[in-house]
Structures are given as structure tokens and as C-alpha cells.
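Chain residues, written in single-letter form:
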Amino acid sequence: MNEILLSNQVIVYLLSESVLFGLLLVAFVITLGILAKWDFGSYSEQQFRLERRAYLVMTILLFAFVVKFLLLVYFVFTIDNLSVLVPGAMCAAGVISANDYGMPLLFLKLLILFFLLLWMAVNSFDLKARNYPLFRLKSWFFIAIFLLIAVETGLDFAYFGQIDIQKPVSCCSTLYGQMEGANPLPFGLNTATLLMLFYLLYAVVAGALLSGQRALSLLASLLFVVIAYYSVVYFFGTYIYELPTHKCPFCMLQKEYYYVGYLVWGTLFGGIYLGMIASVMEITLKVERGRERKVALILLSIFVLLCTAYVAVYYLRNGVFL
Amino acid sequence: MKKIVPIVLILLMLAVIATIFISMAKEDQPVTIMTGNTEMKPLPIKFNHTNDPQCAMLLKTDHNALEVAIPDGRTWFFDDPGCMILWIEKKPFRDQAKIWVHTIDTGKWIDAKKAHYGVTDKTEMRYGFGAREHESNGTIDFEEMRLRMLRGENLTNPKIRKKLLGI
Numbered sequence: 058m059n060e061i062l063l064s065n066q067v068i069v070y071l072l073s074e075s076v077l078f079g080l081l082l083v084a085f086v087i088t089l090g091i092l093a094k095w096d097f098g099s100y101s102e103q104q105f106r107l108e109r110r111a112y113l114v115m116t117i118l119l120f121a122f123v124v125k126f127l128l129l130v131y132f133v134f135t136i137d138n139l140s141v142l143v144p145g146a147m148c149a150a151g152v153i154s155a156n157d158y159g160m161p162l163l164f165l166k167l168l169i170l171f172f173l174l175l176w177m178a179v180n181s182f183d184l185k186a187r188n189y190p191l192f193r194l195k196s197w198f199f200i201a202i203f204l205l206i207a208v209e210t211g212l213d214f215a216y217f218g219q220i221d222i223q224k225p226v227s228c229c230s231t232l233y234g235q236m237e238g239a240n241p242l243p244f245g246l247n248t249a250t251l252l253m254l255f256y257l258l259y260a261v262v263a264g265a266l267l268s269g270q271r272a273l274s275l276l277a278s279l280l281f282v283v284i285a286y287y288s289v290v291y292f293f294g295t296y297i298y299e300l301p302t303h304k305c306p307f308c309m310l311q312k313e314y315y316y317v318g319y320l321v322w323g324t325l326f327g328g329i330y331l332g333m334i335a336s337v338m339e340i341t342l343k344v345e346r347g348r349e350r351k352v353a354l355i356l357l358s359i360f361v362l363l364c365t366a367y368v369a370v371y372y373l374r375n376g377v378f379l
Numbered sequence: 081m082k083k084i085v086p087i088v089l090i091l092l093m094l095a096v097i098a099t100i101f102i103s104m105a106k107e108d109q110p111v112t113i114m115t116g117n118t119e120m121k122p123l124p125i126k127f128n129h130t131n132d133p134q135c136a137m138l139l140k141t142d143h144n145a146l147e148v149a150i151p152d153g154r155t156w157f158f159d160d161p162g163c164m165i166l167w168i169e170k171k172p173f174r175d176q177a178k179i180w181v182h183t184i185d186t187g188k189w190i191d192a193k194k195a196h197y198g199v200t201d202k203t204e205m206r207y208g209f210g211a212r213e214h215e216s217n218g219t220i221d222f223e224e225m226r227l228r229m230l231r232g233e234n235l236t237n238p239k240i241r242k243k244l245l246g247i
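One line per chain: the protein sequences are V and R, in this order.
Numbered by my numbering, the letters in the first sequence go through residues 58 to 379 in order.
Numbered by my numbering, the letters in the second sequence go through residues 81 to 247 in order.
To be clear, the hints were calculated from the coordinates, so they are not data collected in a lab.
Heads up, some of the hints might be wrong.
[To be verified] Below, a list of computed lysine-lysine pairs in the DSS-like style, where the Cα atoms sit at most 27 Å apart:
1) Lys166/V <-> Lys351/V
2) Lys121/R <-> Lys170/R
3) Lys343/V <-> Lys82/R
4) Lys351/V <-> Lys83/R
5) Lys121/R <-> Lys171/R
6) Lys171/R <-> Lys140/R
7) Lys224/V <-> Lys121/R
8) Lys188/R <-> Lys343/V
9) Lys82/R <-> Lys351/V
10) Lys126/R <-> Lys106/R
11) Lys202/R <-> Lys243/R
12) Lys188/R <-> Lys202/R
13) Lys166/V <-> Lys312/V
14) Lys94/V <-> Lys166/V
15) Lys170/R <-> Lys193/R
16) Lys185/V <-> Lys343/V
17) Lys171/R <-> Lys224/V
18) Lys140/R <-> Lys83/R
19) Lys224/V <-> Lys126/R
20) Lys83/R <-> Lys106/R
21) Lys178/R <-> Lys193/R
Since this is a predicted model, take the numbers as computed values, not measurements.
The following block holds chain V by itself, in its conformation from the complex:
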């Protein structure tokens, strides 16, 4: 048996994912039944029973969102800890690339969390409307999310089950290091242009969130998350590590860096998710989501200030940039 599957953290993680999947499977079956017989205009006993079941599904999904969020953090923490077992790995970067399932799994987890958050926003709007105008839409949306979660659960087992602890993996310096003469940044950007775009896009996202320009906010957010990722890995991260050659999105999640990676990535993705959900809801449902926009702006501002502070503090202490 694969020794990775005997690790305490992996057992806890896979067990939690399995229990949650079982719970969501119940919600999925109930939702299919509800969709087949739902008639809000009816006063039959069956319709009242379906409405009570719809509340059960909603409760399960709210619980699933909270647990999925905690499990994403725990997943990252687990793979980071597994780096002591996998030869060659110095942090989660090596472990996540130990087989072909790691990176798609992480991406899928982020996508599912976004969809669950969007489902919750749609659900809260639906509940306030009293006559459930979006009931069918949100039910079909849940079915789509459930299918993604089924793939995710399969990938969880495939990923952890196929980490070979006899086979050395690459460390982050190799994975995120660049080829001689090659530019690792997207769109052929250099570091100066990347930073200019980082601050410019933050200004556009902040301005669009404040002035309520939904389409612009959506477009700028999508671009900002890409530019911000590369900015953190290839520029701000080097100030977190205080080492110009250390380029890694995972090492900052470790104790040596005071777990600041959780704050960096949490504020970035939290802000982007909430900003995008507010824009999507405002464009499609024509509802005002001012609170989400404010929280998104606060989270993104914390992210930008935090990244900038690392550079500023380094410069003030050492008198030079890296």
C-alpha cells in the first residue's frame, strides 16, 4: 500500500472529503427528485414536502461550502507537510507536481470554491424573493457543481494514491526557475512592466468596484488574478523569502515565513471571488451587491498593501532592492 495513504493528515483529509461527498450525494439525489416534481403554485402535501427537502439541500450546501473552504486550506497544509516524505520536495510545489493529477486538482478545488460561493449568492437572492424565482436555475447549478465535486473526489484519491515516495521530484527552484535566456512571465512582460500592470490593474479593479462598473470590474479582475499570481511568484515572493533566486508560490505557506502565504493567497482569491460574484450577480440578476464589492475591495487592498509592504520594509532595512 502506498505509504502516503498511511499518513495521518492524508487519512483525515480523504475521510473528510469522502464523508462530505456522501452528504452531497444525498443532496444530489434529493435535488433530482425535487426538480422532477417541483411546482411552486401547487398547495399539495407533496409540494410542502419538496420545499422542506429543498431546505435540507440548502443546509447541506452551506455546510459543504464551509467544510470545502477549510479542506482547501487543510489540503495545502497537508501537501506542504508531505514534502518531508517525498524525496526532492522542499515544499508543496514538489509534492503537487509528483504526478499529473496535482495541479488540475488544485485548480479544480479553487474553481469549485468559486462556484459554491456563487451558488450561495444566488441562493440568498432566491430566498429573499419569497417565490423562489431562481429555484430551478440554482438546482441545475448545484447538479453541475456536484459533478465537478465527484471528479474532484476521484482526483483526490488518484493524486494521493499515486504519489511515489521512491521517485524523486523537482524542488520549487527547478519548477519555477527559468531556463537560461527565457522569460517565465506571461505575454512577454518584463518585471518592470509586470509591476506597472499590477498596480494599474488594481487601480482599475478598485475604481470599477467603487463606481459599480460591472463588466469592467469582471474583465479587470480576471486579468488582475493572472498578473498578481506572476507578480507574487516572480517579484514580491523574493522579498518574502529575502532571496532573489527563490521563486515559489508555496514556500511562503511554511512556518519559516510565518504562514504569510495563506494571507497573501487568501486575500487575493477572496477579493477576486467576491468582486466577480458581485459583478456576475449585478449583470445577470440586476441586483445591487454593494456589500460584496466593499469586502472584495478591502481584501484586494490588504493583498496589495501586504505585497508592497514586504518590498518597502526590505528597502528601508537594507537600503537596496533585491
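Once you've looked at the hints, dock chain R against the given chain V.
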């Protein structure tokens, strides 16, 4: 003010998009792979613009360089026979690949599997295996070179270096 803000934001966004397009137009990345070489012949190497996929270094000369061409036309370039051995070992196309090496004695591209390899040559990654067209004292064949490389018996190993060079 309310009318100016959206215009300023749209202008900023246009500036962002324009910057990205200009950067993309200027992009001139080194290559690690060439396509279309279905004849599996050795291709001319663009020096200082071609990366070795194993060690990630740029190829600055064809002296002792290698090329791996496979039937679908893809071709990779290497600066040291040792790099090629490590890279190709677990590739599914290992047996179908045509491997070319630029010899250090005749300066020709020949079949790497027919070349003879010195064990104490000064090569790009200091593994020590210099390819020759003609057999000479102390040279080994391709299979022996491959095995030594995979076992770590090359000049990067201090014990082997001490044994072969005395340093």
C-alpha cells in the same frame, strides 16, 4: 466627477491591454523544441536562442551537441550527451528516436548510437563524455556511456573524477 471616473477607468484598462499586446509583439523567447522535422535529420541550431530541456542552459556551440528527433517531427537539442541520456531515459519514444551528435574530432553530425565517447573530455555539463566519429584509446560505445551516465559514473562524481583524473 461621476462622468469622468468611468472614462478614466476605461482609458486605464485600454492602456493595460495595449501594454500587453505590445509586450506580446516584442516577445522573443528561446526555443526548446522544433516541429516539422519528420525526416528526422539534424537541424541547424540557433545559438544563444535554443535551450537544452534537461539542464535549461542555452546552446552556445554545436561542439558535442546532440539532437533528438522523433517520427512526428519534434526535435530537441542538448549541449551534452549526459543531458540527453538523463532526459530521454523515461520518454515513451526512447526507442523510436533518432539521436544525432556533433562530433568533436570530425565536426560532423553522426548517429549518436554509432559514436565513440571519451570519458575525460571537457563537456558543457562536465559529465566528461565527448563524442567522436573514430574510435581511439579509452573511448567507450553509446550503451556503455548510457549506463555510466545512469549509474552516476561520470566526472561530476568526485570518486570517478579522482579515479580518472586524479583530482
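Here is how each hint holds up against the structure:
Distance hint between Lys166/V and Lys351/V is fulfilled; the C-alpha atoms sit about 25 Å from each other, no more than 27 Å. Among the hinted pairs, Lys121/R with Lys170/R is consistent with the structure: their alpha-carbon atoms are about 23 Å apart, no more than 27 Å. Distance restraint check for Lys343/V and Lys82/R: the Cα-Cα separation of roughly 20 Å lies within the 27 Å cut-off, and the hinted pair is therefore satisfied. Of the supplied pair hints, the one linking Lys351/V and Lys83/R holds, its CA atoms being roughly 21 Å apart against a limit of 27 Å.
Using a Cα cut-off of 27 Å, the hinted pair Lys121/R and Lys171/R holds, with the two alpha carbons roughly 20 Å apart. The straight-line distance between the Cα atoms of Lys171/R and Lys140/R is roughly 26 Å, inside the 27 Å bound, and the hint therefore holds. Between the alpha carbons of Lys224/V and Lys121/R the distance comes to roughly 34 Å, so the proposed pair goes past 27 Å and is violated. Annotation: proposed proximity of Lys188/R to Lys343/V is violated, straight-line Cα distance about 71 Å (limit 27 Å).
About 18 Å separates the Cα atoms of Lys82/R and Lys351/V, which keeps this hinted pair within 27 Å; it holds. Of the pairs offered as hints, the one joining Lys126/R and Lys106/R holds, with about 19 Å between alpha carbons and a cut-off of 27 Å not exceeded. Taking the CA atoms of Lys202/R and Lys243/R, the gap is near 16 Å; set against the 27 Å cutoff, the hint holds. Between Lys188/R and Lys202/R, the direct Cα distance comes to roughly 18 Å. Compliance with the 27 Å bound is thereby established for this hinted pair.
Proposed proximity of Lys166/V and Lys312/V is supported: the alpha carbons are some 23 Å apart, at most 27 Å. Between Lys94/V and Lys166/V, the direct Cα distance comes to roughly 32 Å. Violation of the 27 Å bound is thereby established for this hinted pair. Pair hint Lys170/R plus Lys193/R holds up; C-alpha atoms about 17 Å apart against a cutoff of 27 Å. Of the supplied pair hints, the one linking Lys185/V and Lys343/V holds, its CA atoms being roughly 14 Å apart against a limit of 27 Å.
For the hint linking Lys171/R to Lys224/V, the alpha-carbon distance of about 15 Å falls within 27 Å, and the restraint holds. Restraint check for Lys140/R and Lys83/R: not satisfied, since their Cα atoms lie roughly 57 Å apart, outside the 27 Å limit. Taking the CA atoms of Lys224/V and Lys126/R, the gap is near 35 Å; set against the 27 Å cutoff, the hint is violated. This hinted pair does not check out: Lys83/R and Lys106/R have alpha carbons roughly 35 Å apart, beyond 27 Å.
Of the supplied pair hints, the one linking Lys178/R and Lys193/R holds, its CA atoms being roughly 9 Å apart against a limit of 27 Å.
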